[in-house]
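Trainee: For the sequence shown, this note's numbering begins at 10 and goes up steadily by one.
No lab work stands behind these hints: they were computed from the structure. Be a bit skeptical, because a hint or two may be false.
Estimated spans, in silico, between C-beta atoms of each pair [unchecked claim]: (1) Pro84 - Leu151: 30 to 36 Å; (2) Glu66 - Pro29: 31 to 37 Å; (3) Glu158 - Arg23: 34 to 40 Å; (4) Ala139 - Ser175: 17 to 23 Å; (5) Gly45 - Leu151: 30 to 36 Å.
Straight-line distance between alpha carbons at most 20 Å, and here's what the computed SDA-like set of lysine to any residue pairs gives [claimed, not checked]: (6) Lys90 - Glu80; (7) Lys12 - Glu28; (8) Lys12 - Ala107; (9) Lys90 - Gly68; (10) Lys12 - Ala65; (11) Lys12 - Gly54; (12) Lys12 - Trp180; (13) Lys12 - Glu80; (14) Lys12 - Thr173; (15) Lys12 - Ala183; (16) Lys90 - Gly44; (17) Lys12 - His70.
For every residue, glycine included, the Cβ atom is placed at its ideal position computed from N, Cα and C.
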Amino acid sequence: MEKSPRITVYGSSRLSEDEPAYRLAHDLGAALARGGATVITGGYGGAMEAVSRGAAEAGGHVVGVTVDLFEARGPLNRWVKERVHAPDLFDRLRHLVATTDAHVVLEGSLGTLTELFLTWTLASVGALAAESLVLLGERWPLYLEAHGELVPRELFRHVRVARTPSEAATWAIAAARSRPQVAR
């Protein structure tokens, strides 16, 4: 029996429910769950909560990867079904990146950009599948264009920019299913 693809979603911890980006993240979580994916997030608020909520409401399994460093930000969001607690931020990043089959990156700040660049770097050196990184958000094309002079053009083949949550979910799930699944 084929295991459910594991998709990690990265995004801002500072989103509130009244922001359009929260709805986008919620809809992404729902689309991933409807596609049969296990959804993995950082487990806290903002985009992590929105994705978790969308996935849980669609009947999906949600994993939250937490760390002591962020415990002061608030509790694990209530839609997480399985908690994985990392002892430090580096182990958390390792778990988010290495125990998953594909990645979707929503818009965010420094933490999200760290996750994006770590994942992108690993894809560019062959440690992750090239097709496994999907960006979702209206500002990503402009952001990537701004980095066009710093990042060699051939490395952009590792990144796909989706227009909708459904498209991002479809691409991530297809990427996950087209390669051997990671060891759990």
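Trainee: Look at each hint and say if it fits the structure.
Mentor: Okay, the hints, checked on the actual structure:
Between Pro84 and Leu151 the beta carbon distance is about 35 Å. The supplied range of 30 to 36 Å therefore holds. In this structure the hint that Glu66 and Pro29 lie 31 to 37 Å apart at CB is violated, the actual value being about 18 Å. Remark: the range hint 34 to 40 Å for Glu158 to Arg23 is contradicted by a beta-carbon distance near 29 Å. Taken as a hint, the range 17 to 23 Å holds for the pair Ala139 and Ser175, whose Cβ atoms sit roughly 22 Å apart.
Against the hinted window of 30 to 36 Å, the Cβ-Cβ separation of Gly45 and Leu151 comes to about 33 Å, which satisfies the hint. With a C-alpha separation of about 18 Å, the suggested pairing of Lys90 with Glu80 holds against the 20 Å cut-off. Of the supplied pair hints, the one linking Lys12 and Glu28 is violated, its CA atoms being roughly 34 Å apart against a limit of 20 Å. Restraint check for Lys12 and Ala107: satisfied, since their Cα atoms lie roughly 16 Å apart, inside the 20 Å limit.
Taken as a hint, the Lys90 and Gly68 pair is honoured in the structure, with Cα atoms around 11 Å apart against an allowance of 20 Å. With a C-alpha separation of about 18 Å, the suggested pairing of Lys12 with Ala65 holds against the 20 Å cut-off. Taken as a hint, the Lys12 and Gly54 pair is broken in the structure, with Cα atoms around 28 Å apart against an allowance of 20 Å. Taken as a hint, the Lys12 and Trp180 pair is honoured in the structure, with Cα atoms around 17 Å apart against an allowance of 20 Å.
Taking the CA atoms of Lys12 and Glu80, the gap is about 31 Å. The hint is violated against a cut of 20 Å. Taken as a hint, the Lys12 and Thr173 pair is broken in the structure, with Cα atoms around 25 Å apart against an allowance of 20 Å. The hinted pair formed by Lys12 and Ala183 meets the criterion: a straight-line CA distance of about 14 Å does not exceed 20 Å. Taken as a hint, the Lys90 and Gly44 pair is honoured in the structure, with Cα atoms around 18 Å apart against an allowance of 20 Å.
With a CA separation close to 12 Å, the supplied pair Lys12 and His70 stays within the 20 Å bound.
Going down the numbered hints, you'll see the structure goes against 2, 3, 7, 11, 13 and 14, while the others check out.
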